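Student: Given chain A, work out where chains B and C should sit, using these hints.
Chains as they are written, first to last, in the working numbering: chain A, 1 to 340; chain B, 1 to 351; chain C, 1 to 299.
Hints were generated in silico from the structure; no laboratory data involved.
Here are a few chain C residues that face chain B, going by a calculated C-beta distance under 10 Å:
1. R43
2. N44
3. L85
4. G167
5. A169
6. R171
None of these values were measured; they are calculated from a predicted model. Glycine is no exception: its CB is placed at the ideal position from the N, C-alpha and C atoms.
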Amino acid sequence: MKNVIISDSTLRDGSHAISHKLTKEHITAYAKAADAAGIPIVEVGHGNGLGASSLQVGLSLLDDRTMLETARKNLTKSKLGIHVIPGFATIKKDLTMAFELGVDVVRLACHCTEADITERHISFARERGKEVFGVLMMSHMAPKEVLLDEALKMQSYGAEGLIIMDSAGAYLPGDVQSRITHLVSHLNIPVGFHAHNNLGMSIANSVAAVEAGAQIIDASAKGFGAGAGNAQLEVLVAVFEKMGYKTNIDLYKALDAADIVEKEIMDAAPSIKSVSIVSGLAGVFSAFAKHVAIAAKEYNVDPRDIFFELGKRKVVAGQEDIIVEVALALSDKKKRGQHG
Amino acid sequence: MVSKLIDLVKADCEEALASSVSQLEKLKNQKIFITGGTGFVGTWLAEITAFLNDRYHFNTSLLLLSRNIDAYREKAPHLAARKDMELIPMDVRNIVEIPSDVTYIIHAAATPDNRQHVSDPLGVMATITKGTSVLLDSSVKLPGLKKILNISSGQIYGKQGQGSEAIKETFMGAIDCNTITSVYPEAKRYAEALCCAYWSLYKVPAVIARPFAFIGPYQFLDKPWAINNFIRDALNNNTIRIIGNGLPMRSYMYPSDMAFWLLRLLAEGNPGTAYNVGSPEGISLKDLAEKIKQFVGAKSKIDIKNMNEDRSRIIPDVTLCRESLGLTVKVGIDKTLQRSILWFQETGHTR
Amino acid sequence: MNARNNNTKKVKVAILGSGNIGTDLLVKTLRSPYLECSIFIGRNLSSKGMSKALSLNVNVSNQGSDAIIKNPDCCEIVFDATSALSHQHHAKILSGLHKIAIDLTPAKVGHFCIPAINLDECLKYNNINMITCGGQSSIPLAHVIGQTQKQVDYIEVVSTIASKSAGPATRLNLDEYVDTTEKGIMLFSNCKQAKAILNLNPAEPCINMQTTISALVPEPDLVALEKSVNAMVAKIQQYVPNYRLVIPPTYENNRIIMSVKVQGMGDFLPSYAGNLDIINCAAIAVAEEFAKKLTDSRG
Chain A
1 MKNVIISDST LRDGSHAISH KLTKEHITAY AKAADAAGIP IVEVGHGNGL
51 GASSLQVGLS LLDDRTMLET ARKNLTKSKL GIHVIPGFAT IKKDLTMAFE
101 LGVDVVRLAC HCTEADITER HISFARERGK EVFGVLMMSH MAPKEVLLDE
151 ALKMQSYGAE GLIIMDSAGA YLPGDVQSRI THLVSHLNIP VGFHAHNNLG
201 MSIANSVAAV EAGAQIIDAS AKGFGAGAGN AQLEVLVAVF EKMGYKTNID
251 LYKALDAADI VEKEIMDAAP SIKSVSIVSG LAGVFSAFAK HVAIAAKEYN
301 VDPRDIFFEL GKRKVVAGQE DIIVEVALAL SDKKKRGQHG
Chain B
1 MVSKLIDLVK ADCEEALASS VSQLEKLKNQ KIFITGGTGF VGTWLAEITA
51 FLNDRYHFNT SLLLLSRNID AYREKAPHLA ARKDMELIPM DVRNIVEIPS
101 DVTYIIHAAA TPDNRQHVSD PLGVMATITK GTSVLLDSSV KLPGLKKILN
151 ISSGQIYGKQ GQGSEAIKET FMGAIDCNTI TSVYPEAKRY AEALCCAYWS
201 LYKVPAVIAR PFAFIGPYQF LDKPWAINNF IRDALNNNTI RIIGNGLPMR
251 SYMYPSDMAF WLLRLLAEGN PGTAYNVGSP EGISLKDLAE KIKQFVGAKS
301 KIDIKNMNED RSRIIPDVTL CRESLGLTVK VGIDKTLQRS ILWFQETGHT
351 R
Chain C
1 MNARNNNTKK VKVAILGSGN IGTDLLVKTL RSPYLECSIF IGRNLSSKGM
51 SKALSLNVNV SNQGSDAIIK NPDCCEIVFD ATSALSHQHH AKILSGLHKI
101 AIDLTPAKVG HFCIPAINLD ECLKYNNINM ITCGGQSSIP LAHVIGQTQK
151 QVDYIEVVST IASKSAGPAT RLNLDEYVDT TEKGIMLFSN CKQAKAILNL
201 NPAEPCINMQ TTISALVPEP DLVALEKSVN AMVAKIQQYV PNYRLVIPPT
251 YENNRIIMSV KVQGMGDFLP SYAGNLDIIN CAAIAVAEEF AKKLTDSRG
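Chain A with its partners taken away, still in its complex shape (with noise of 0.2 Å):
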């Protein structure tokens, strides 16, 4: 029988879904649900992961040590897992702290074609011990021989895994598929994949993923996640055990994990609004969302439009900034047009 690796993001991706403000009791509760159901690996931290907390993506309630001390306390055959950033996190002032309160599993992550800028944190992690995935986020901008070739980076530099991020919620079943497929068949290291639902894949996308030979797969519970959320967790667990692939997580405890992200955590059911089928299409980071709502309020300018520009210059995660200067030219569009 296969296995399937979930790596649950509820406390990471989902982050992003409440501006970054989870709450102590918000970990103690979830964190305790997901080791009871025998959840692998736990993700915690801002959405952006370690160090990202910043005007520039949103600020966090908690800081990253007190995020990962509750959890640590919390998680005893889960394994606590962090996102990290090259450019965001640094190894003195980040990794540091997070290796000293026992991290288990490190994700570094970079934009698809800059793998390069991972070298030394994952050097840094591996000399520590730690188990280390490497992560390319907004995958679907890169062709498969361009995702392959900064993999085999990451794999040299000692990675232990390759994950690769639907940032956006872009893909097709097809497209997965075939990228999967491809990383499989060319790497030593497990491949593994990062559902988004922007365009209503997530499922569909996580099942073609693990048929094509993927054996992590992410997840939130309740689907927990930026923009239209993640693939959903207790879902995807039903669905692999009616396929045949062994999760080793308890059914009814994940539910009951994920009932506690829908009454204490979650501010709304991640649903697939307009704008996120808009940035779906147009290719651009699902966590823009709220910066782009925050925007188009602000400046009188339909969020839509900010999307469909975003797309257009091929923004990366982290150019956050960008939106306010895109909502500003937008609007002073519209005031000449309305003077013209």
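Tutor: Quick look at chains B and C alone, frame taken from chain A:
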């Protein structure tokens, strides 16, 4: 460096040379120019030469080319201070002339760090191709040059199939040149081709060594190779993770054997010929992890994840070295691991 | 054109480092009315930069810092565009020879310099450090925030550069970049806390460098800020012509935000590499100021 460690290395050299010193006769009173003079290979060549000079009065002098002399002085101050070894701060690509009294050359300038191969492929390729080209070109003018040993790589044989035989020098190999992880072996193959061209055109007496894998003193544990990861995790009592099924087979040679083999190739190797340098004694990754755990006395768990189907065997066939040059392996896998572990523990280089 | 005595001689400058940065500096030096490149120094005579220098009739050497040691009269000012490690060596040598060192590496041996802010003060030192590219584009504006606002709790700087403009050395040293830029921001703005972020974007055609500065200021005075920002931008444009404000100082979402785009001059570096160009332009501005001081003192 602690004198205990210096003594251990000396004892290794003594063992490697025992009853075989006469095999290196030709190197007495010679001047050897070594590129990459202060790297892992260069440092061991210096250690064994120091022993030959001190114990057997070989009177062999070394010219060590290096890009980072300060690091060498810190790593091996007892070697850096020797009068029979001159340190030259220079990149191999920038050599203009080699001193005319040089009689032997060992080209060990290389970057075995596979992280560097993918992060700085152009720099790595240039060092290998341009460096080898410049070196061979400069060697043509040397009036007394007797031999030049090019240290190539066992990686030139390409990806190994499942359960392949031990690799003979005649194995053609297959490398997909269209992938980033191939830039290093492709550059090394080109360097071998350069040696062939200079030998054919100018009769430059070039011998090629194809080294496989080594572990021992003066190695650092930072490169993400399986054996480094196992030792490092064992020394820190962390879980030793094996991504696959633990069945892939590798072999590891102790560096004192390596240094002796290389000097023997330099002295008596046949120009225009390639020789595998490495241990023919294969060991599976699973057994390797278990031995390391045992020798360290670690509490580490060994986690075999079974996440890939790799069963490759990368083991050199060393019949050529054994039959034509009488070379043998004096340090078996157990002693290799034990001595290496002791080194890492004593030097505190557990990362 | 400024009125200058026909007899005023240009000050001799050496450039250490024949890579892309050094070569771009060479082209800028040749254009300068105050500087003369007397020697272009690298380690390999057959590099692209060396060929360029020879084609421009500039003296070259592959002897590294030895070229200056052997002929100390060859220059008074030295640009170091080698590496942080090499600069540690060079700094000692150049100090011993009483040269003025302008350091474009992250060695951080010398005094931090932002020409638009502390150029005059830097003339007192013999080793000037040009901080980082993101630093050169953002610190002047961070400084203005510090000068015009009553209290500055936090300043954040996000730079996005074209992937092609970041080579292996930059990519390996991102942490260093973040650390140095943050130090520079705090030094020149007196803010309580600073954060620097760097993004690489692979889009083609390559994007110009964009730097966004945002700040948490409890009682923002946007009128004063806008005036000073415009003045500062004009000052910077004197040595970095294509430095443009694309988001003027704005108060949005409880923060002050402004953004600049820098396009390079395209001397030897491609024009999208505004990040590399701005640090070179700044270095030239510093050298010219030293040169003016030297020629003035000689009467």
